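Construct the entire structure; sequences and hints are all you get.
Number of protein chains: 2
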Amino acid sequence: MPRRYFEDFPEGLSVELGSVAFTSEAIVEFARAHDPQPMHTDPVAAQSSIYGGLIASGWHTAALVMRLLVENYLAAESSLGSAGLDELRWPHPVRPGDTLRVRAMVVESRRSVSKPDRGIVKAVVEATNTDGATVMRATAINFMLVRPDPGA
Amino acid sequence: MPRRYFEDFPEGLSVELGSVAFTSEAIVEFARAHDPQPMHTDPVAAQSSIYGGLIASGWHTAALVMRLLVENYLAAESSLGSAGLDELRWPHPVRPGDTLRVRAMVVESRRSVSKPDRGIVKAVVEATNTDGATVMRATAINFMLVRPDPGA
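Line by line, the protein sequences are chains A and B.
Per our numbering, the first sequence starts with residue 50, numbered consecutively.
Per our numbering, the second sequence starts with residue 50, numbered consecutively.
Hints in this document: simulated from the structure, not taken from any laboratory.
Note that the structure is a prediction, hence the values are computed from the model and not measured.
Check before you lean on any hint, since a few could be wrong.
Here are some of the chain B residues that sit facing chain A, going by a computed Cβ distance under 10 angstroms [what the hints assert, rightly or not]: (1) M88; (2) S98; (3) L118; (4) P140.
Computed list of chain B residues with no C-beta within reach of chain A, every gap over 10 angstroms [stated by the list, open to error]: (5) E56; (6) E60; (7) S63; (8) Q96; (9) S97; (10) D135; (11) E136; (12) T148; (13) D180; (14) G181; (15) V195; (16) P199; (17) G200.
Backbone N, C-alpha and C define an ideal beta-carbon position, used for all residues, glycine too.
In structure tokens form, the structure reads like this:
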């Protein structure tokens, strides 16, 4: 893959990031470590919850989406980290057996005024299940280096 | 601990959730699985980054904060899950050796009109390092069951 910088993330860019699958084992393992609520860790208790069965922690979904962002969206040569996210939402539960497709769409891309070596890129990131339901949506805010001056 | 429901999370409630510590081993392990960027996984490469050394993935911080929310804020008998978060921010990096104190403050608490068995509780969650710098801030939105009618 060619080296990519701030200039390669213009407003309107849409990137398919691939897909991720959830097993009940992985759902329980992640939740035991990070979000040990019965709806995520105990299939029997989850059955009598409002969800009617085990669902993934939203943080598990976020972690798998982040991995796809690193592999297929961000570039190691220019990624300077993130300020955070606006409106992280989990509108629909993720269940064992679900496979999600993930997409990022750049909605804002501007050069920093105070630090001209970088730009700020905002992207709407969406994960969708095979029924077409959006299970996670967020606006990610990333700092990226501008392309180095070849004469410098 | 007594059973807690929506009514136990009034606006203005402030809860100290405890503290979490970060080692470089844990930072690298989490990031290799979920956020494999050099600033999080490679101490040598991180040295020459804008951060001057290894920093934790923001998702790692979020996961440890979530665990404290489950252990010391949410109640298994009433937690119905989360719609998401507003303005998740990582204003300051987390470094190996850092210990964070975490606090949740309820900023909005209202009974659901469409589903009267539950309420919506918004809380600002903040993690602060020992220098007093805020390293994570977010507004979490949680659904919680109201206290059951003892006559029902």
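We went through each hint and held it up to the structure:
no., hint, result
1, M88, "holds (6 angstroms)"
2, S98, "holds (8 angstroms)"
3, L118, "holds (9 angstroms)"
4, P140, "holds (8 angstroms)"
5, E56, "holds (19 angstroms)"
6, E60, "holds (22 angstroms)"
7, S63, "holds (22 angstroms)"
8, Q96, "holds (15 angstroms)"
9, S97, "holds (12 angstroms)"
10, D135, "violated (6 angstroms)"
11, E136, "violated (6 angstroms)"
12, T148, "holds (18 angstroms)"
13, D180, "holds (19 angstroms)"
14, G181, "holds (19 angstroms)"
15, V195, "holds (13 angstroms)"
16, P199, "holds (21 angstroms)"
17, G200, "holds (22 angstroms)"
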